[in-house]
Amino acid sequence: GIQVEQSPPDLILQEGANSTLRCNFSDSVNNLQWFHQNPWGQLINLFYIPSGTKQNGRLSATTVATERYSLLYISSSQTTDSGVYFCAVDGATNKLIFGTGTLLAVQP
Amino acid sequence: EAQVTQNPRYLITVTGKKLTVTCSQNMNHEYMSWYRQDPGLGLRQIYYSMNVEVTDKGDVPEGYKVSRKEKRNFPLILESPSPNQTSLYFCASKRYRVGADTQYFGPGTRLTVL
Numbered sequence: 001g002i003q004v005e006q007s008p009p010d011l012i013l014q015e016g017a018n019s020t021l022r023c024n025f026s027d028s029v030n031n032l033q034w035f036h037q038n039p040w041g042q043l044i045n046l047f048y049i050p051s052g053t054k055q056n057g058r059l060s061a062t063t064v065a066t067e068r069y070s071l072l073y074i075s076s077s078q079t080t081d082s083g084v085y086f087c088a089v090d091g092a093t094n095k096l097i098f099g100t101g102t103l104l105a106v107q108p
Numbered sequence: 001e002a003q004v005t006q007n008p009r010y011l012i013t014v015t016g017k018k019l020t021v022t023c024s025q026n027m028n029h030e031y032m033s034w035y036r037q038d039p040g041l042g043l044r045q046i047y048y049s050m051n052v053e054v055t056d057k058g059d060v061p062e063g064y065k066v067s068r069k070e071k072r073n074f075p076l077i078l079e080s081p082s083p084n085q086t087s088l089y090f091c092a093s094k095r096y097r098v099g100a101d102t103q104y105f106g107p108g109t110r111l112t113v114l
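Residue numbers (the working numbering), protein chains in the order written: chain S, 1 to 108; chain W, 1 to 114.
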């Protein structure tokens with residue numbers, strides 16, 4: 001099956017810093033999504049981005065489907081950005097296959 | 001507001017006491033599914049449904065049942081819960097069509113089985 005790897009596994013930032021999170025996947029996919037899991041456990045949709053680049057406020061994402069990776073950029077980080085960031089791709093039967101996540105801690 | 005809702009959000013129960021976690025979406029999505037999230041194991045799919053009256057097993061279906069009698073609802077049933085079903089559960093939905101689309105997740109149900 002498709003393998004999804006994320007890096008780095010952990011990241012500590014000072015408020016205001018920028019960061020880049022990476023997601024590698026082992027096969028071509030129709031769907032790639034980025035999620036933020038907040039400290040209360042809720043999964044928040046950030047981007048649906050099977051290819052190309054999208055921006056939403058301080059967050060942006062780029063997927064290069066031909067090279068099988070996606071990047072999530074967080075600029076001017078805030079403490080509310082803390083949590084776990086997951087990328088996920090479509091497997092068989094529309095199942096989402098999640099990466100292992102990047103645990104982000106933003107310190108004031 | 002387009003959303004997926006789950007109830008209850010938190011539940012503590014005892015071994016063997018049947019329970020149902022409800023899931024409802026208001027986006028007229030055909031596809032719905034259940035995932036569980038466990039430390040070190042990530043999110044794994046339990047069951048999914050392509051449409052009304054069409055359900056199938058995911059990766060970890062043992063100990064669970066589902067039904068899809070209406071398009072908007074997809075309840076998860078634990079007939080005889082056990083401690084190894086203590087987990088964080090998510091319901092999700094999406095349009096089912098050729099190609100792909102965004103999956104939307106509910107807020108999660110944190111279940112503890114004593």
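Hints are computed from structural coordinates only; laboratory data are not their basis. Just so you know, even glycine gets a beta-carbon here, dropped at the ideal spot from N, CA and C. Treat the hints with care, as some may be off.
Heads up, incomplete: computed chain S residues facing chain W, CB under 10 Å, no partners named [what the hints assert, rightly or not]:
{"hint": "1", "residue": "Trp-40"}
{"hint": "2", "residue": "Ala-88"}
{"hint": "3", "residue": "Asp-90"}
The hints, checked one at a time:
1. Trp-40: 8 Å, holds
2. Ala-88: Holds - the Cβ of S:Ala-88 comes within 10 Å of chain W, reaching about 8 Å at its closest.
3. Asp-90: 5 Å, holds
When each numbered hint is compared with the structure, no violation occurs for any of them.
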